[in-house]
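Student: Here is how the chains run, residue by residue.
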Amino acid sequence: MLGRTLREVSAALKQGQITPTELCQKCLSLIKKTKFLNAYITVSEEIALKQAEESEKRYKKGHSLGDLDGIPIAVKDNFSTSGIETTCASNMLKGYVPPYNATVVQKLLDQGAVLMGKTNLDEFAMGSGSTDGVFGPVKNPWSYSKQYREKTKHKARGENEDSNWLITGGSSGGSAAAVATFTCFAALGSDTGGSTRNPAAHCGVVGFKPSYGLVSRHGLIPLVNSMDVPGILTRCVDDAAIVLGMLAGHDPKDSTTVQDPVKPFTLPSLTDVSKLCIGIPKEYLTPELSSEVQSLWSKAANLFESEGAKVIEVSLPHTSYSIVCYHVLCTSEVASNMARFDGLEYGHRCDIDVSTEAMYAATRREGFNDVVRGRILSGNFFLLKENYENYFIKAQKVRRLIANDFVNVFNSGVDVLLTPTTLSEAVPYQEFIKEDNRTRSAQDDIFTQAVNMAGLPAVSVPVALSNQGLPVGLQFIGRAFHDQQLLTVAKWFEKQVQFPVTQLQELMDDCSSVFEIEKLASVSLKQ
Amino acid sequence: MAAPMLRGCCLARRGALACVDGGSRHGRGAAIGCRSSGKRGQSSVAQQPLITAQKSGKGEHKWAAVVGLEIHAQISSNSKLFSGSQVQFAAPPNSLVSFFDASLPGTLPAGYQITQQRLPIAVNGSLEYSVCVGKKRSQVITRTARIKQIQLEQDSGKSLHDELRSQTLIDLNRAGVGLLEVVLEPDMSCGEEAATAVRELQLILQALGTSQANMAEGQLRVDANISVHHPGEPLGVRTEVKNLNSARFLARAIDSEIERQINELENGREILNETRSFDCKLGCTIPMRDKEGKQDYRFMPEPNLPPLLLYDTASLPPGADPQQVINIDRIREQLPELPSETREQLVQQYGMLPEHSFTILNEVGLLEFFQNVIKETRAEPKKVTSWILNNFLGFLKQQNLAVNESPVTPSALAELLNLLDRKAISSSAAKQVFEELWRSKGKTPSQIVSEKQLELMQDGEALDQVCLAVMEEHPQVVLAMKRGNPRAINKLIGLVRKATLSRADPTVIKEILEKKLSS
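Protein chains in written order, with the UniProt record's numbering: chain A, 1 to 527; chain B, 1 to 519.
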């Protein structure tokens, strides 16, 4: 049951094959069994059971609230949740219990969703590995999958096998791992430079970043206000569309949300792609791209072409400036956004009380990790009067050029762009931490952050397993506010590639019954 | 650069609670960008500040002072700029604080101070104000101060430092309240000019309903940039005197800082570019402790707020909902009467002297008082003006009362002036009644007149008898008069008035006496 998609389990709930409480308990038990993955910071067991109970009452009365009623979900720990600790994986907010729900959280709860808990991340979502939070790194469930283990066992691995576990990617690694291990049917992530799509690719799930302005950010603790969007992680594209339908729309508490009314929608099943034009941006073919990912990328392009779509090479000429530009804008906003954490109103406060200024300084020293402090420092440097013009203003101009690159491509008739999501499959933690957070972010956000600067919708869809048995995702990028069109194309693609389900039996022998799913036929794109 | 225009994060400023690591809580510039085609406030030619010659020790140098102002007016509104919290003076600390005002994580756009500093809602305006000069201050001169810009911004919280216990108490009631900042170019030259300009702005804001602009309640706060130099030479180093929040001390604070700077320079010392505050007990400015070094507020655009667009009739997008767009031309048509027009009206309609129209407007509540008296009395407007400016205002000042604290109501004064107008009482009796009104609240002028028997003798026969009797009692005076002493008749008038207990009209007495002497 847990291996099903949201749509399937929703149908099962409606048909009475399972009750919300049973479903919730199964998920809770799985959360306990997979605790070592560190996907959750807080498991809101009591609240979840209570919500499930209420949902059950509704089902009994025949008053189900809809597709999400009774569905276990998880929320990244940088969304404000009323009565549930919200930490951003930082000492600064340890123990902080918000008095209000983020708009997206409230909307899910209003639909009857059952909140299992708050998922792990890089501190304040600053990172691409989910390795830099105060609660420790998230482990990629695929490290323990049959597929990966079989492929790697012949290799002479290090003495301690457990030290070879893989990162999930980030910063929404907890949410991606939670969805990948079947502990929930959908999870909220956030996406500022790729934080939803990157871990989705590494964990073999769908990671959707909506158009900027389509989904409210109220209650999402900001990283970069002009780029942040709530992200959606699910096990299939249809599920992402269901959740998007519930979340999208204007919110008076977020002035950047669009006023146009948004209705829930069902994605059509495309049978004919001959009218589609798929753009392949040539600048995304970088030397750092692994040959395996590159090969899957071109196979995917060929797939579209063979099915009658028009596939053309396009150019996004300012791509190479994008990551530097992103860095300047991101850190500048971080410097400003983090100013609120002064130890006065909420969160951590140090013991030093010689003066208010000393209190501020020590509180922030103790509250933030090196990554956050580093970004605050850089941002303040870029915003100095003498630097503002040369860095911040210039970066804003470059951002406009990057956004225009996309506009030009879409105006030339391209419907959707197809790119890799990541350079390669997930790497082992020991490998990952050889480079610092900044270097890693610069490498890992390379295909994803430009989309945030342009405010476009994008989705990472798992395509196949690598030679090592690890998931690889590809990214589709759509026109602004053409999220449905984008997801429709992604859904067609998803159906063609038949990505395999994680086989975690060896990992959790005693709960193998949970994964009673038929082994899907292997992948059409398999190398 | 423009330190005076920047707001933001320092505790010293208005006690923003925002100062983190020496100022990392940012203000954000250009939050509500503006765009307007069409005319804005006309730019005006600034008058060069008059040279105020200050007697120096050596008596040789003349100094000119240059004063610019930054005025923060609290926007008159029931709620804060971006939150629904109430705005209320003297509410219990931290009782008007929403999640947003406390900048809880995830509330947008909160956690820093927001200002239009880089894209102000209005630029290049001017403020006309008038100063009275001359020996009797009867000459009214109009001056113009250029307005660099007007911008919206958020007020910050308030912090109180307890130096002894090294504690800081924070009150966020004020955090997020909408402010209007008016930046006046350094076109003023002394405390009085600055105070007059501020007063004029205050009257304009009140007339518009933009701000209640009550200084005592912190709704109008003034910072002054001050420097001195020799005329013809470059401007001197300036200081910023902060928090001039009392109308009484505004002019004094500025003049004392001018004096201090001149004194420093004449004694061969330098003026530091620093922030100072006025100590009203010491009567001079003192440096502010925690405003050392240059502040860099590190403003950046606020992406959470869409731009605020201003249109005029020509630029209005077709089909725009009038409720959703701002049309400057429409607002201009709806402007209420501004103080300068009100003064002009007083001069035209009531024949008031210009300097009197200034006094009537400058005193809080006096215009309304004047208009209410005028409504209810048949007395000449000039008479009303004279009574209000001399007697009424004199009494108020003497007792240090505001107009709305006056025990004499407009109706009472109107009634008194009516009695005077129809010659029911003499003007000296009227003054007596007025004093009595001041003392015994609740009595009407007519009651006082009848109680004290102050009404004029209307009986011509009786007065005739009194005059005759007085003449008979003082034959020497009568003789002196007959010999041509012009002052003698006044003596007789005085004696008759005394005999009638001041209840007779001196002009009538005079007529009777003259008639009797010539017969």
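Honestly, the hints are just simulated from the structure, not real lab data.
Remember, predicted model here, so these are calculated numbers, not experimental data.
Built from N, CA and C at the ideal position, the CB exists for glycine as well.
It is possible that some hints are incorrect.
Sample of chain A residues facing chain B (criterion: CB under 10 angstroms; computed from the structure) [to be verified]:
#: 1; residue: E46
#: 2; residue: F79
#: 3; residue: G83
#: 4; residue: G95
#: 5; residue: V224
#: 6; residue: H348
#: 7; residue: E386
#: 8; residue: N390
#: 9; residue: Q430
#: 10; residue: E431
#: 11; residue: K434
#: 12; residue: Q496
Only pairs whose alpha carbons sit at most 30 angstroms apart, straight line, appear in this in silico DSSO-like list of lysine-lysine [stated by the list, open to error]:
#: 13; chain 1: B; residue 1: K281; chain 2: B; residue 2: K423
#: 14; chain 1: B; residue 1: K136; chain 2: A; residue 2: K94
#: 15; chain 1: B; residue 1: K515; chain 2: A; residue 2: K385
#: 16; chain 1: B; residue 1: K136; chain 2: B; residue 2: K516
#: 17; chain 1: A; residue 1: K14; chain 2: A; residue 2: K94
#: 18; chain 1: B; residue 1: K498; chain 2: B; residue 2: K441
#: 19; chain 1: B; residue 1: K516; chain 2: B; residue 2: K498
#: 20; chain 1: B; residue 1: K397; chain 2: A; residue 2: K253
#: 21; chain 1: A; residue 1: K263; chain 2: A; residue 2: K14
Student: Would you mind marking each hint as holding or not holding in the structure?
Tutor: Against the structure, the hints come out as follows:
no.: 1; hint: E46; result: 23 angstroms, violated
no.: 2; hint: F79; result: 7 angstroms, holds
no.: 3; hint: G83; result: 14 angstroms, violated
no.: 4; hint: G95; result: 13 angstroms, violated
no.: 5; hint: V224; result: 8 angstroms, holds
no.: 6; hint: H348; result: 12 angstroms, violated
no.: 7; hint: E386; result: 9 angstroms, holds
no.: 8; hint: N390; result: 14 angstroms, violated
no.: 9; hint: Q430; result: 33 angstroms, violated
no.: 10; hint: E431; result: 33 angstroms, violated
no.: 11; hint: K434; result: 31 angstroms, violated
no.: 12; hint: Q496; result: 38 angstroms, violated
no.: 13; hint: B:K281 to B:K423; result: 51 angstroms, violated
no.: 14; hint: B:K136 to A:K94; result: 70 angstroms, violated
no.: 15; hint: B:K515 to A:K385; result: 90 angstroms, violated
no.: 16; hint: B:K136 to B:K516; result: 43 angstroms, violated
no.: 17; hint: A:K14 to A:K94; result: 39 angstroms, violated
no.: 18; hint: B:K498 to B:K441; result: 29 angstroms, holds
no.: 19; hint: B:K516 to B:K498; result: 19 angstroms, holds
no.: 20; hint: B:K397 to A:K253; result: 51 angstroms, violated
no.: 21; hint: A:K263 to A:K14; result: 22 angstroms, holds
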